[in-house]
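From just these sequences and the hints, can you work out the full model?
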Amino acid sequence: MIKLIAQDLEMRFGERLLFRARQLEFCQGEVIYLQGDNGCGKTTLMKLLAGLLKPSAGTIYTQGFPATPWWRGDTLLGKAIYLHQHPYLFEGSVSYNLQLAQKYSGLNKAEQRTRMQSAIENAQLGKLLKTNASTLSGGERQRLALARAWLLKPKLLMLDEPISNMDRASQQTVFAMIAELKQQGTGLLISSHQHSELTALCHQHWHIESQQLTTSANLTLATEELQEENYVAAH
Amino acid sequence: MSEGWLALIQQALGLLFSRDPEVWSIISVSFSVSFAALLITLLPSMILGFALAFVQFPGRWLVTNLVQTLQSIPTVVVGLLAYLLLTRNGALGDLRWLFTQKGMILGQMMICAPVLIAMSHAAFTSVDRRAWETSRTLGASWSSAIWVVCRELRVPLLLAIIAAFSRIITEVGCSMMVGGNIAHVTRNIPTAISLETSKGDFAQAIALGLVLLVLALILNFALGTLRGRASPRSH
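Residue numbers (our numbering), protein chains in the order written: chain Z, 9 to 243; chain R, 410 to 644.
What the hints contain is simulated information worked out from the structure, not anything from laboratory work. Take these hints with a grain of salt, some might be off.
Reference listing, derived: stretches of chain Z covered by chain R, where coverage requires no fewer than 3 residues with Cβ under 8 Å from a Cβ of chain R [what the hints assert, rightly or not]:
#	region
1	32 to 42
2	54 to 65
3	151 to 165
Take a look, some chain R residues computed to stay more than 12 Å from chain Z by CB distance [stated by the list, open to error]:
#	residue
4	G423
5	I436
6	S441
7	A445
8	L452
9	P453
10	W470
11	L471
12	Q477
13	L490
14	L493
15	L494
16	S550
17	V581
18	G609
19	L619
Built from N, CA and C at the ideal position, the CB exists for glycine as well.
Here it is, written out as structure tokens:
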């Protein structure tokens with residue numbers, strides 16, 4: 009099974025301890041809700057798992073991925089894709105951004121074409137292909153970032169607050185794409201500091217509190233809280 | 410007085426358009442030496458600028474400040490240093506490059522390297538870190554990610570190249586000391602202007618000055634166009 013394993017993880021910035029985690033497993037097909045207050049280290053944890061940061065202590069390794077050639081260096085990078093809360097879009101058109109990501113997919117030509125078509129359709133980017141990416145709205149930017157990741161047919165994907173500050177329509181589009189990725193068997197780690205429809209998709213729960221990361225297998229509490237919030241919102 | 414000036418400008422234009430071998434030999438020396446110096450220095454300087462921005466190593470602060478200081482050293486002082494290196498008893502005396510184009514190239518490399526390193530360092534420092542992270546997490550190799558970041562920074566990097574080229578194509582001190590202003594061998598535009606003016610042959614000096622003026626206009630126009638095309642980024 010494809011998975012990413014972290015053991016005895018510890019992250020510090022100087023003397024300040026951000027969090028500790030004894031054992032974490034992020035597997036393909038699992039959907040995990042990463043919860044914690046602002047500044048508790050959710051983004052840092054995702055960047056550690058993506059190989060973009062090095063932990064202060066502990067090890068992170070992968071299982072089940074095809075071997076990386078030695079010249080590619082860090083074996084973690086490119087395994088679990090990390091999507092920033094405010095995605096970075098490359099200078100150029102929407103189409104350029106998609107094509108750039110497609111170059112790294114490693115899929116064959118036919119699969120690339122199919123994947124590109126479905127990415128454009130699902131992210132509703134058809135009319136925006138020639139638009140300069142720097143002029144997109146917040147929701148459109150997030151949809152494009154997700155479409156870029158979609159093209160790579162990711163095994164593991166980490167989404168940092170994917171629907172924060174987004175209008176309802178864009179939220180629905182992103183939600184549908186994430187639900188579809190879940191259907192396709194992509195392992196998802198979704199961070200959020202509040203419950204939403206998205207977190208209701210999750211069947212595992214990682215929680216950072218008091219500098220400790222704890223994991224639990226069910227989200228009954230979270231679902232109940234969401235129902236409660238929806239009830240309050242409706243009345 | 411104005412008729413005298415007009416006559417001089419007419420003579421100067423005549424020299425340029427009649428393809429005067431003397432004038433065009435000087436222009437050819439100038440451009441071949443400066444292009445060679447720029448091309449040899451470009452890649453190592455950019456790599457060093459990138460390393461100073463992204464790689465942590467002891468003494469990084471010192472190297473950065475040293476490079477910035479070297480930018481402002483007068484070209485005649487660089488020329489003196491190059492002369493001392495290339496003179497018969499100097500560290501590079503065995504090369505026998507003094508009063509040759511190779512010696513001039515070495516001198517101009519010493520002038521343009523600090524400009525390229527400092528300006529590319531400033532460009533790489535200003536880059537949004539998410540550009541690097543996004544390309545790496547999408548699966549770009551180290552070299553592909555550098556290429557993507559350089560593309561994002563194409564305007565400031567081109568500005569660095571143009572600034573470095575402008576500095577070496579117009580410098581007199583180093584070329585005069587290391588090249589010796591030998592006709593058809595090491596005489597370039599600035600040293601020729603200096604010589605012809607001292608001899609009172611203003612027509613050739615003006616002709617060569619016009620070449621530098623046209624070059625300055627072209628470079629400035631190119632810079633203006635590049636700056637105009639670069640749209641401000643939103644997040």
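Taking each numbered hint in turn, which are not upheld by the structure, reported in ascending numerical order?
Numbers 1, 16, in rising order.
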